[in-house]
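Trainee: Required output: the full structure, derived from the provided sequences and hints.
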Amino acid sequence: SHPVQLIAIIVAGYVITVNWGTFIWAVSNGHVLQSSLGYYINPLVSIVLALIFLKERFNKFEWLAIIFALIGVLYMTIKIGEFPFISLLLAFSFGIYGLLKKIVHIDAISSITIECIVTAPAGLIYVIYLWQQQHITFGLNISSFWLLFS
Numbered sequence: 001s002h003p004v005q006l007i008a009i010i011v012a013g014y015v016i017t018v019n020w021g022t023f024i025w026a027v028s029n030g031h032v033l034q035s036s037l038g039y040y041i042n043p044l045v046s047i048v049l050a051l052i053f054l055k056e057r058f059n060k061f062e063w064l065a066i067i068f069a070l071i072g073v074l075y076m077t078i079k080i081g082e083f084p085f086i087s088l089l090l091a092f093s094f095g096i097y098g099l100l101k102k103i104v105h106i107d108a109i110s111s112i113t114i115e116c117i118v119t120a121p122a123g124l125i126y127v128i129y130l131w132q133q134q135h136i137t138f139g140l141n142i143s144s145f146w147l148l149f150s
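With my numbering applied, the sequence shown closes on residue 150, and no number is skipped along the way.
Keep in mind that a hint or two might mislead.
Taking CB as the label site, the calculated pair distances span [as the list claims (entries may be wrong)]:
#: 1; residue 1: 57; residue 2: 135; range: 43 to 53 Å
#: 2; residue 1: 7; residue 2: 132; range: 31 to 41 Å
#: 3; residue 1: 85; residue 2: 51; range: 22 to 32 Å
#: 4; residue 1: 56; residue 2: 4; range: 40 to 50 Å
#: 5; residue 1: 103; residue 2: 134; range: 27 to 37 Å
#: 6; residue 1: 63; residue 2: 127; range: 13 to 23 Å
#: 7; residue 1: 132; residue 2: 27; range: 21 to 31 Å
#: 8; residue 1: 78; residue 2: 135; range: 27 to 37 Å
#: 9; residue 1: 80; residue 2: 128; range: 29 to 39 Å
#: 10; residue 1: 62; residue 2: 11; range: 25 to 35 Å
#: 11; residue 1: 116; residue 2: 80; range: 26 to 36 Å
#: 12; residue 1: 103; residue 2: 62; range: 13 to 23 Å
#: 13; residue 1: 14; residue 2: 85; range: 12 to 22 Å
The hints are simulated quantities; they were obtained by calculation from the structure and are not laboratory data.
Since we're looking at a predicted model, the values are computed, not measured.
The beta-carbon is built from N, C-alpha and C at its ideal position, and this holds for glycine as well.
Mentor: As structure tokens, this is what we get:
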């Protein structure tokens, strides 16, 4: 069971990295509405994932609340006027992250530590790439570069 848990935590680390990266990219590139919509869609995604994978069941009042939430999200999606690719990526990545964390029985400190350890190399490679392309200002001088890693 431990290898399965470890794999799930590693996958969770990269899934949340995709989520954060998408959010930062979207907001930085003027897709604030799509970003916001993603976090309104996320509870609905989490509900679907819970129904499928955790065999959750809801009473009639909970279903009524889910229907109202769905109507609200559909209304907001229509008002945005474009297909919500970014929103869906944010909603599904965060929903999958939540599902993985729910099914893995590892304490929070250990889990986040493993996630950080396994995603740090990819983050470091990306920062070095941005630094070489001069797409970042922080880290262009040696003092701030080392401050970044301290």
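Trainee: Taking the CB of residue 85 and the CB of residue 51, does the distance hold inside 22 to 32 Å?
Mentor: holds, 24 Å
Trainee: CB of residue 80 to CB of residue 128, is that within 29 to 39 Å?
Mentor: Holds - the Cβ-Cβ distance for residue 80 and residue 128, about 36 Å, lies within 29 to 39 Å.
Trainee: Within 21 to 31 Å: is that where the Cβ-Cβ distance between residue 132 and residue 27 falls?
Mentor: Since the Cβ atoms of residue 132 and residue 27 sit about 24 Å apart, the hinted range of 21 to 31 Å holds.
Trainee: Does the hinted range 26 to 36 Å hold for residue 116 and residue 80 at CB?
Mentor: Check passed, 34 Å falls within 26 to 36 Å.
Trainee: For the pair residue 103 and residue 62, does the Cβ-Cβ distance stay inside 13 to 23 Å?
Mentor: Hint holds: Cβ distance 21 Å, inside 13 to 23 Å.
Trainee: Could you see if the CB distance from residue 62 to residue 11 stays within 25 to 35 Å?
Mentor: Taking Cβ atoms as reference, residue 62 and residue 11 lie about 29 Å apart, which means the hint holds.
Trainee: At the C-beta level, are residue 56 and residue 4 separated by a distance inside 40 to 50 Å?
Mentor: violated, 21 Å
Trainee: Taking the Cβ atom of residue 63 and the Cβ atom of residue 127, is their distance within the range 13 to 23 Å?
Mentor: violated, 46 Å
Trainee: Given a hint of 31 to 41 Å, does the C-beta separation of residue 7 and residue 132 actually sit inside it?
Mentor: holds, 32 Å
Trainee: Starting from the range 12 to 22 Å, see whether the pair residue 14 and residue 85 falls in it by beta-carbon distance.
Mentor: Between residue 14 and residue 85, where Cβ atoms are some 19 Å apart, the hint holds.
Trainee: Does the Cβ pair residue 78, residue 135 satisfy 27 to 37 Å?
Mentor: About 36 Å separates the Cβ atoms of residue 78 and residue 135, which means 27 to 37 Å holds.
Trainee: Using the Cβ atoms, figure out if residue 57 sits within 43 to 53 Å of residue 135.
Mentor: Holds, at about 49 Å.
Violation of the numbered hints given earlier is confined to hints 4, 5, 6; the remaining hints are satisfied by the structure.
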